[in-house]
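Novice: The residues making up each chain are set out below.
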Amino acid sequence: MKISARRLDKITIFDISGDIDLATSPELRKALLHEFRELKTPRVVLNLGAVRYMDSSGVASLVEGLKASRDVGSRFILFGLNKTIREVLQLSKLVKIFEIYENEEQSVAP
Amino acid sequence: MLCVVRNALGELAAKFGFSEQDCRAVVLAVDEALTNIIRHAYLGDSDRPIEASFRRLHLPRDGQSRDALEIVLEDRGARANPKKLCGRALEDVRPGGLGLHFIRESMDTVEFSRRWGRNQLRLVKFLAGTDGPRKAT
Chain Y
265 MKISARRLDK ITIFDISGDI DLATSPELRK ALLHEFRELK TPRVVLNLGA
315 VRYMDSSGVA SLVEGLKASR DVGSRFILFG LNKTIREVLQ LSKLVKIFEI
365 YENEEQSVAP
Chain H
2 MLCVVRNALG ELAAKFGFSE QDCRAVVLAV DEALTNIIRH AYLGDSDRPI
52 EASFRRLHLP RDGQSRDALE IVLEDRGARA NPKKLCGRAL EDVRPGGLGL
102 HFIRESMDTV EFSRRWGRNQ LRLVKFLAGT DGPRKAT
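Protein chains in written order, with my numbering: chain Y, 265 to 374; chain H, 2 to 138.
If you're looking for bench data, these hints aren't it; they were derived computationally from the structure.
On a predicted model such as this, the values are computed, not experimentally measured, just so you know.
Possibly wrong hints are sitting among the right ones.
Keeping only pairs whose Cα atoms sit at most 20 Å apart, straight-line, the calculated EDC-like set for lysine to aspartate or glutamate is [unchecked claim]:
| hint | chain 1 | residue 1 | chain 2 | residue 2 |
| --- | --- | --- | --- | --- |
| 1 | Y | K357 | H | E106 |
| 2 | Y | K347 | Y | E302 |
| 3 | H | K16 | H | D68 |
| 4 | Y | K304 | Y | E363 |
| 5 | Y | K347 | H | D23 |
| 6 | Y | K347 | H | E21 |
| 7 | Y | K266 | Y | E291 |
| 8 | Y | K357 | Y | E328 |
| 9 | Y | K360 | Y | D335 |
| 10 | Y | K331 | Y | E363 |
| 11 | Y | K347 | Y | E366 |
| 12 | Y | K357 | H | D23 |
| 13 | Y | K347 | H | E106 |
| 14 | Y | K347 | H | E12 |
| 15 | Y | K331 | Y | E369 |
| 16 | Y | K304 | Y | E291 |
| 17 | Y | K294 | Y | D335 |
| 18 | H | K16 | H | E71 |
| 19 | Y | K274 | Y | E351 |
| 20 | Y | K266 | Y | E368 |
| 21 | Y | K360 | H | E106 |
Isolated chain Y, as found in the complex (with noise of 0.2 Å):
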């Protein structure tokens, strides 16, 4: 797994690729919770569209991060899932707590 971020103003984008498993999920987790917990920042936004697959310690990581994002009051945003994000996330029965859109534009928009 790869995590590259790209700072704007009030948003930090992570574009994301690789696998997100038992391995890699602590980077994901350590990463998410440095944005939210240390630099505050007001939207922090996940790119999937280059995850082959994730498994559930890596759903753990985007739950640690969603609750980190709620308690500074920030938002956390998905986007980019393919089929096998989707189902994993489906199958969680968490793909509802997120907030999920389709592209960068729309995760970005004020």
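Once you have looked at the hints, place chain H on chain Y.
Specialist: Frame of chain Y, contents of chain H only:
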């Protein structure tokens, strides 16, 4: 190493005849099972041995003999705690505890047992739309 297993298993499931969606389900279930073994039975040590066997079976279902893929995973780690094998309520929105739910949702049969000092997990997935072995004519 989990990504290597996932790729190999995806190919195996596809050759077996599963749909793309069912291939993803099999891969997810086995990946979650291996993750649970590493986390709970081996306490995070990913270098310990896990034995996996795969075989095609013909099993009865709905009054017919159906093709199925049986996967058995064995580890030599700590005995699985039965109380932790029941998953958790999904209404409780919190990280963790989803792996077993994913396994149960993805497979048709999920059985845990302890034999000769080993934890054994048996998973079965039926192939959709098959009527079992063809009779020789």
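Novice: With reference to the structure, classify each hint as holding or not holding.
Specialist: Right, here's what the structure says about each hint:
1. K357/Y with E106/H: The given pair, whose Cα atoms are some 11 Å apart, holds under the 20 Å limit.
2. K347/Y with E302/Y: violated (33 Å)
3. K16/H with D68/H: holds (13 Å)
4. K304/Y with E363/Y: holds (18 Å)
5. K347/Y with D23/H: holds (12 Å)
6. K347/Y with E21/H: This hinted pair holds, its Cα atoms lying about 10 Å apart.
7. K266/Y with E291/Y: holds (9 Å)
8. K357/Y with E328/Y: With a Cα-Cα distance of about 16 Å, the restraint between K357/Y and E328/Y holds, given a limit of 20 Å.
9. K360/Y with D335/Y: It holds: about 19 Å lies between the C-alpha atoms, which stays within 20 Å.
10. K331/Y with E363/Y: Answer holds: K331/Y to E363/Y is near 13 Å, not above 20 Å.
11. K347/Y with E366/Y: Holds: K347/Y and E366/Y sit about 12 Å apart, inside 20 Å.
12. K357/Y with D23/H: It holds: about 19 Å lies between the C-alpha atoms, which stays within 20 Å.
13. K347/Y with E106/H: holds (17 Å)
14. K347/Y with E12/H: holds (18 Å)
15. K331/Y with E369/Y: violated (24 Å)
16. K304/Y with E291/Y: Roughly 18 Å between the alpha carbons, so the hint for K304/Y and E291/Y holds.
17. K294/Y with D335/Y: Holds, at about 16 Å.
18. K16/H with E71/H: holds (14 Å)
19. K274/Y with E351/Y: violated (31 Å)
20. K266/Y with E368/Y: Answer holds: K266/Y to E368/Y is near 18 Å, not above 20 Å.
21. K360/Y with E106/H: Judged against 20 Å, a Cα distance of about 18 Å means the pair holds.
The structure fails to meet hints 2, 15 and 19 from the earlier list, while all remaining hints are met.
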